Amino acid sequence: MAEKLLMLALSPTMETGVIAKWLKKEGDTVESGDLLCEVETDKATMDYESPASGTLLKIVLEEGSSAAVGDLIGIVGKPGEDIKALLAEPEEPAKPESPKPEKTQPAPEKQPDAPSPETTGEKGRVRSSPLARKLAEMNGIELETIKGSGPEGRVVKADVEKAMAGQAAAPAAKAAAPAPVSGDTVIPVSGKRKVIARRLSESKYSAPHYYLKVRVAMDTILDARIKLNAKASQKVSLNAYLIKFAAEALKRHPAVNASWAGDSIIRFGRVDIGLAVAQEDGLITPVVRDCANKGLLEIEKDLQDLIQKARSNALKPEEYSDATFTISSLGSFGIEEFTAIINPPGSAILAVGEIRKEPVVQPDDSIQVKQMMRLTLSCDHRVIDGAVGAAFLTDLRTLLEEPIRALY
Amino acid sequence: MDLKQTFDVVVIGAGPGGYVAAIRAAQLGLKAAVIEKDKPGGVCLNIGCIPSKALIHQAELIRSIAGLAEMGIKADSAGLDYRKVQQKSRAAADKLSRGIQYLLEKNKVTLIAGEAVSVKPGAVTLKDGQIVKGRNVILATGSSPRELKGFAFDEKRILSSTGALMLQKLPESLLILGSGAIGVEFAHIMNAFGVTVHLVEMLDRILPLEDDDCSDVLAKSFKKRGIKLYTATKAMSQQESDGKLQVLLEDKDGKQTTVTVDQVLVSAGRVPNTAGLGLAEAGVTLDGGGFVEIGDYGQTSVPGIYAIGDIVRTPLLAHVASREGEIAAEHIAGRKTEPRIDLMAIPAATYCEPQVASFGLNERQALEKGIAHKKAVFPYRGAGKSVAIEQPDGLVKVLTDPKSGEILGAHIVGAEATELIHELLLAKKAELLPEDIATMIHAHPTLSESLLEVMRSVDGLPVHI
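Note that the protein sequences, when read in sequence, are chains F and X.
Residues in the first sequence are numbered from 1 upward in steps of one, following our numbering.
Residues in the second sequence are numbered from 409 upward in steps of one, following our numbering.
Only chain F is shown next, with the shape it has when bound in the complex (with noise of 0.2 Å):
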């Protein structure tokens, strides 16, 4: 009996998915299990793969082409077996025979695009009163998006009616964006680039931002990387020390390794740092785990590892969610110094301008030429008070002038 194979919800957050390439054609064997295709998801691109072994009957969704999770994108059955109905069949009522994602994708713990840790989760699962849910789909606004003031953190009317409210104050900057004339481009957004979109704005919108400034002075770290990339046969990233550096001044100040949860604050067990990397299309964090426990060179392979991975789009959800710190560093750029925005569930992002040299003035009133870095801390108030982000980023500063106090 052939069977039809569906978009599946790669991810959590997964609405529709683009077939960005078939690895198998039509007439193939399969096996259950093989690749079958690759989907380019709101976040990356996945592997799909089959979820039944017989031949490739029909492949329904071209690549390059976009479907909802639940729609029929291919069949596999005996070779010769007639297919006509199940092409016929309204797909509705076949949904529910779909193979749930959670059965053949094993889901990440947590959501990777949770924008914190007090969201609810997926659609279907969001508390709230019927009505909420009406007036919600009566205004086109997503229940995901609100925080529900009900029972148990249900959303009800007045949070949807908050919501719109907020709306309301929304379309003034709309408005403003200027209908495009002859000469503009429009751009349709990706899912990608709507998920960077929402998860900046509610970070930026929802954690009170302020933020910390810092020079460094580089010339003993950058020596000591030359003598050591010089002996050594794996070549250590200046990255792979920020990172290094920023987990044992983490692991001194736990609070700055924090996240808040609305009624509690979390303090992660584990420093978990997630590192800008610019894509084509956008821009991902991939994470290295557990930095505090790890060594330079360790920290430099997975690195080396997530950032091609980043830079090929084949990021698993689990390998770009939940950092508990980011460095985001714009100094290639030649950017002096930067502020960048919080990357939930983190409460902390460095932003790491260029290194250059400059004329400082000694405790001796000498004038001395050093290499120097500035660093910006953004810190969310309501988890790191000024004090405490102060304290972890002149420690860091610390750190990376005078290395050897990473011992201590």
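These are calculated hints, taken from the structure and not from any lab test.
Predicted model only: the values in this text are computed from it and were never measured.
Mixed in with the good hints, there may be bad ones.
Within a straight-line C-alpha distance of at most 25 Å, the following computed BS3-like cross-link-like pairs (lysine-lysine) qualify [to be verified]:
#, chain 1, residue 1, chain 2, residue 2
1, X, Lys811, F, Lys162
2, X, Lys837, F, Lys147
3, X, Lys628, X, Lys783
DEER-style ranges, computed between Cβ atoms [as the list claims (entries may be wrong)]:
#, chain 1, residue 1, chain 2, residue 2, range
4, X, Lys412, F, Gly166, 49 to 57 Å
5, F, Tyr210, X, Pro747, 27 to 35 Å
6, F, Gly140, X, Ile873, 33 to 41 Å
7, X, Thr414, F, Asp385, 34 to 42 Å
8, X, Pro747, F, Arg382, 17 to 25 Å
9, X, Arg743, F, Arg356, 52 to 60 Å
10, X, Gln773, F, Gly140, 26 to 34 Å
11, X, Lys514, F, Arg382, 36 to 44 Å
12, F, Ala390, X, Gln773, 53 to 61 Å
13, F, Ile187, X, Thr847, 40 to 48 Å
14, F, Gly166, X, Arg743, 24 to 32 Å
15, X, Asp704, F, Ala390, 36 to 44 Å
All residues carry an ideal CB built from backbone N, CA and C; glycine is no exception.
Given chain F, put chain X in place with the hints provided.
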């Protein structure tokens, strides 16, 4: 009674607002005291809701004699001794008042017998000069029956609701001024015990605060039972002659009638008990009607002084007072609570037969205010149970938002209306939509099926009509 200590909360008045506030405060770990000049339980329990329900229950018993006769049972009501009826109502009130004392003790609330004569932040002075110290004061002094000009209460000929509850002997005839809940409940009671009842209402219908359709069903039933209704009519004056009272009535066209009765019951609303407490001196702001002005959580204009129940401008109902008491206590204890009660989700209940119950918007208000609404009505007789128990007169009306389906108001007149209303109120509070009730299986046969049907009717698909 150790009054040297400083309480966290001192509540003035142990009615359904005050005793609930004190108990909730104590439950939340606060040291609470409640000052009461009379018996715990307030008007509601001692001279209001509870004894009147005891009378209504007995009125129902005597009304059931007619049903017995249909079965061939000859029951003789000639031996009726109203004194015994009244005593039973007192017994119910006394029992429950002792219950309140027990609850206060159980929750370690200090009950202070005394009358508050002055209030200021941090302290309440009693009539005997004692001072009760409390970091917070909750005013819960309740209300008293309103007097009408020319009809001063003497509780012999001209009665307040208190006097009516204390009657040991039935009058032959009674004129009731005001047809709110208290007026129609006494009309029902007295009529059941064979008193000739004249019910006078200044507005153009009885139970004027209820939905017109509910009011009409009740009026029809009352007329059938021989209660004389005078709507759009004012009582001008009264004079005693030959041991009777002659009451001069005038309708809206200026036509005058004189009705001769034994007694008059004035049930024309209630006034807040806010005088004699030194509130103005304390800086507590009152409005023109003598009600205390409050902000969120029942806070008055003076920090540390709260007001709840009949002395604030929310409906003068025991259950409203209780909820306001909880909110004030929770706020004092630093708990998260709602700043104000939702006026659209307060049940009103009138215990005449047929009963009337409602909450939220009624049709007249919706039309007057131009609020978009969809109306669904289902008659009691469509629910088989109502016919089986010989209570087919009644209806359920629901107003919903035409777009979202939100329940805006519900109105029931008929048997058990005061119990039935809560399913709809729960739906309102939980923000359920009509289809949630329309698709919920209701037991058959029940009166509650009429709620299922009225919700089906919202989408135009009732089955049993």
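Here is what the structure says about each hint:
Distance hint between Lys811 (chain X) and Lys162 (chain F) is fulfilled; the C-alpha atoms sit about 18 Å from each other, no more than 25 Å. With a C-alpha separation of about 19 Å, the suggested pair Lys837 (chain X) and Lys147 (chain F) falls inside the 25 Å cut-off, and the hint holds. For a cut-off of 25 Å, the pair hint linking Lys628 (chain X) to Lys783 (chain X) stands: about 22 Å separates their Cα positions. Our hint of 49 to 57 Å for Lys412 (chain X) and Gly166 (chain F) holds, since their Cβ atoms are close to 54 Å apart.
The supplied range of 27 to 35 Å is met by Tyr210 (chain F) and Pro747 (chain X), whose beta-carbon atoms lie about 31 Å from each other. Restraint check, Gly140 (chain F) to Ile873 (chain X): a C-beta distance of roughly 37 Å satisfies the suggested window 33 to 41 Å. Roughly 35 Å separates the CB atoms of Thr414 (chain X) and Asp385 (chain F), a value that falls within the hinted 34 to 42 Å. Distance hint check: the CB atoms of Pro747 (chain X) and Arg382 (chain F) are about 23 Å apart, consistent with the given range 17 to 25 Å.
Hint check: Arg743 (chain X) to Arg356 (chain F), Cβ distance near 57 Å, so the stated range 52 to 60 Å holds. The hinted window of 26 to 34 Å between Gln773 (chain X) and Gly140 (chain F) holds, with their beta carbons roughly 31 Å apart. Checking the proposed 36 to 44 Å range against Lys514 (chain X) and Arg382 (chain F) shows it holds: the Cβ atoms sit about 42 Å from each other. The hinted window of 53 to 61 Å between Ala390 (chain F) and Gln773 (chain X) holds, with their beta carbons roughly 59 Å apart.
One distance hint, 40 to 48 Å for the beta-carbon pair Ile187 (chain F) and Thr847 (chain X), holds here, with the actual separation near 45 Å. Gly166 (chain F) and Arg743 (chain X) have their C-beta atoms about 28 Å apart, which keeps the hinted 24 to 32 Å range intact. Separated by about 38 Å at the C-beta atoms, Asp704 (chain X) and Ala390 (chain F) satisfy the suggested range of 36 to 44 Å.
This entry satisfies every hint, going by the numbered hints stated previously.
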